[in-house]
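Visitor: Sequence:
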Amino acid sequence: MVADLVALFRKAAGFTQGELGRRLVIAESTIAAIEQGRRPLLPDLAGAMDRLLETKGALAVAVAGMPEVDQYPLWAESYIQHEREAIALSWYDALVVPGLLQTPDFARTLLKQRVPAYDEDEVETKTAARVERRAILHRRVPPTMSFVVWEPALKMAFVEPGVRIDQLRFLRECAGLPGLSLQVLPLDAPENAGDAGPFILLETPDHQHLAYTESQRGSQWVSDPDEVSILARKYAMLRAQALTPKGTQGLLNRLLGEQ
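First residue of the sequence shown: 50, per my numbering; consecutive thereafter.
No lab work stands behind these hints, which were simulated from the structure alone. All the given hints hold, so there is nothing to weed out.
List of simulated lysine-lysine pairs, DSBU-like, C-alpha gap at most 30 Å:
no., residue 1, residue 2
1, K204, K161
2, K105, K60
3, K175, K161
4, K295, K283
5, K175, K204
6, K295, K204
7, K283, K204
Produce the entire structure from the sequences given, and follow the hints as far as they go.
Guide: What follows is the structure, encoded as structure tokens:
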């Protein structure tokens with residue numbers, strides 16, 4: 050229904066898919082995918098369309114009225130697709146090691162702690178899916194990637210010592226990959242521009258800049274340029290507040306007991 054509404058309102062306003070895309074600063078193919086039901090209409094984009102097409106909030110209401118069970122999995126699937134194709138990705142995490150940098154055992158430990166619990170088959174399926182995402186790190190032309198992680202996420206008291214050591218070693222290995230920067234924001238840093246929580250910035254092949262955030266019961270895409278700009282400025286400040294990549298390597302060595 051939402052897909053049909055987008056097409057109906059676009060045509061009523063006299064826009065082609067390409068014209069609407071240009072006005073919203075997104076690709077024509079994205080408009081086509083939304084109208085064909087292959088890509089969900091995200092709340093921020095629904096609001097932008099309502100303003101441009103003068104539809105008085107109809108699309109925002111339609112998106113908000115989707116059942117939660119339909120919304121969040123679609124958003125997550127949309128993120129995974131964007132992540133797979135991204136040409137640049139910047140990720141700040143304060144709670145756990147970023148998903149793209151997790152070892153299988155670390156990912157499995159996190160998934161086993163989920164409440165309500167997954168059954169064993171679900172844990173293994175989801176662990177495999179998370180590890181599969183790491184293929185992005187070894188693409189023929191990998192994206193430019195930056196990760197800033199708050200130091201408490203590296204303490205990992207909830208995992209077995211062997212899992213923790215393997216995870217720290219894997220982080221150190223990833224830090225040496227071409228086009229990848231890993232920085233730790235130390236616990237004693239006098240400032241933290243990410244105190245409102247984790248977020249991800251990415252750039253698509255058609256140079257659309259998006260942001261993605263997750264919370265306890267859902268996830269949110271941010272496509273409004275002004276809002277993405279705010280998060281990009283936060284991320285730039287986080288990089289300035291964090292240890293340098295070389296300093297981060299030294300911290301990892303110390304956590305591993307390798308002075």
